[in-house]
Amino acid sequence: MIQLALGRRAALVLGAGGLAWPAVGRAQSEPVRIGAILSASGGLAAFTPPIRAGIGLALEEVNAAGGLLGGRRLQLVEADDQTNPQVAVSVATRLVQADNVSAIIGPMASGITIAVANAVTVPAGVPIISPSATAPAVSQIQDNDTVFRTAVPDDLQGQVLARVVRERGIERAAVMAINNDYGRGLANAFSTSFQARGGTVTASQNFEENRPSYRAELQTLAGRGGPQALVLIAYPASGGNTILRNAIENAFFTRFVLTDGMRDQSVVEAVGARPLAGSIGTAPGSAATPEQRAKYEAAFRRANPNLDPGGAFVAQAYDAAYVIALAIQRAGSAERAAIRAAIREVANAPGEVVGPGEFARARDLLARGAAINYEGASGPIEFNQHGDAQGRIEVWEIQDGRIVTIANVSE
Amino acid sequence: MEAAALYVATMLTLAGIYAALAVGLNLQWGLTGLMNFGGLGFVAVGAYTSAILTAGESAQHLGGFGWPWWAAWPLAAAAGALLALPIGAISLRLRADYLAIATLGVAEILRLAVRNEDWLTGGPLGVPGIPRPFEAFGQPWGQLAYLALVAAMVAALFALAQATAHSPFGRTLRAIRDDEEAAKAAGKNPAAFRLQAFVLGAACMGLAGAMLAHFFKFMGPDALDPVTTTFLVWVMLIAGGSGNNFGAVLGAVAVWAVWAATDWLAAQLPGELATRAAYVRLFLIGLALQLILLYRPQGLIGERPPRPPA
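Chains as they are written, first to last, in UniProt numbering: chain A, 1 to 411; chain B, 1 to 310.
The set of hints was computed from the structure by calculation and includes no laboratory data. A few of these clues could be false.
If you only want the chain B side, here are some residues facing chain A, beta carbon under 8 angstroms, derived [as the list claims (entries may be wrong)]:
no.: 1; residue: 91
no.: 2; residue: 124
no.: 3; residue: 218
C-beta atoms are modelled at their ideal positions from N, C-alpha and C, and glycine is treated no differently.
Excised from the complex, chain A in its bound form (with noise of 0.2 angstroms):
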């Protein structure tokens, strides 16, 4: 009986086993396969919506312009990393092994961009573009030129918080942040840059995720050096909405300074717009010229009238999808090695200017042979040797329960 019983399953184990080949056999057929590794669980899960719908818009208007490569559609294949690094490497080599994309979007996170680059995209020559891995470190991972991001690196966004705060006239803070690459590494660009502005840093903590509480660690942060406001560098759903909350019950901190991690609607509508009035953040901004950004948020609006064409990196994820289809058209094939050499000839100067919306235009000046220069909705999109992309830095203020941007600065 017990035998039988494992025939039963084995069979079914191999039964499912059989259901992954015939798609192998698929990827040699027409469309282009695009990957994109998202956190569509864990912490970052709350940024994955509109991001998704930012890349999905892009691949839609690549097709509904009449595809690339002489008609070929671009088709995205989908993996959740769960916010972790390991799953994040195992969903990779699906993609890269199994899917055979020609490239990948994502990760987001940077320490997991970093795991997914070393052991996975870099040695089978993927080229990836993070829409949100803003850690200095993925400058430095030894990359054969294979990944990129849209986002622009923490050093820069830490300074511009840190002239935005002097400039409202805080002199104290204390600063809270993840305890992870992102929250240390943006935390530290901060500090430094705020005391060089003659700024006081009364104290700092790095918190763990997903703590029930984190009063006792605002008691301290708010006990010490008489801070005037708490800079919260955190994610929404990981900790982010509950410091927030134990911090205003409590009457801890009443000015809140935030980071691109906490730039989102959900965190107004969790905490309360009342208590976040006046509330300042900075995240990698849009610098792109206003009519290209118009035209991007339109097309946004149009097809996701639910999700903000504003939110956190989601602009970048467009870009991100547009700079990949635009190298494969100038590659004039999906191969992975010939859209890497691809990215930075549509990306960077010099080049006729194309931007968010006009595919079929720049298929046209590639054909005719021009060199392009793709301005995206994020930013003008110049990647330099590190792969980074050179762009600006959004301000923005909760005004009335709406994140309103103030504005975008490059230093």
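Here the structure of chain A is known, so what remains is to put chain B in place on it, guided by the hints.
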């Protein structure tokens, strides 16, 4: 076709690493009845030991020793065993539930320690640039060679575990698990035997951690997730059949195959649904565990009673 073969090789490598973990846990739980919920801690110690010994020089973390993997892996196993020694010595004298709590606590402490001891582990940035054995062979042979290495390690661990299970030592462990008083009456010292089994199992987990770190070529605190490093192994062992080494290996491969297949199936769904599928997968693993415990507590292949002497 080559890419598909490589994908299968990757999945088999990961299944092999899980099999090593399951064999280690089987030694502790299946054979001896020790409830170890701290697999993550032993994996972490093994992984970081091997990572630090082999990774290149870096300002981020301790390193630059440049050891070859074959010298570092035994030390990784030893590190796992060394961690188990004090924990076991203290908590094995207590009832089984206390060991579960102690191991859970130690795993959590270690997770926080590697996240915060920047000088040693690189903190949240982790240890990148861990060399993978046989990488010089290039694709695809390097990857297949690594799979062969993992398979050889699992085979060796399996052979050792089988030998242990059939030895007088293994019979004593089972006797202690099933009836401690009777074993005592026969003159055995349960605490000493339990400690030995606990330490041996932890060494397996340390080695598995090293294999994991070298496969990913990166080790960071985010990679130490209790769901995928501790509890998935429990599901594998229980599904395969605790107390039976064949069951441990079969459970690891079968559950990993289902895990990988559901990832692939979820990817075929359109956007919104794919997001939900991610949570459904976790839910299904829990549900599967409940169903197995309710309807087939012995697992796919349960423990066989030892043959009576002829």
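Verification of the hints:
1. 91: Residue 91/B check fails; min Cβ-Cβ to chain A is 25 angstroms, beyond 8 angstroms.
2. 124: With Cβ-Cβ at 4 angstroms, under 8 angstroms, it holds.
3. 218: 4 angstroms, holds
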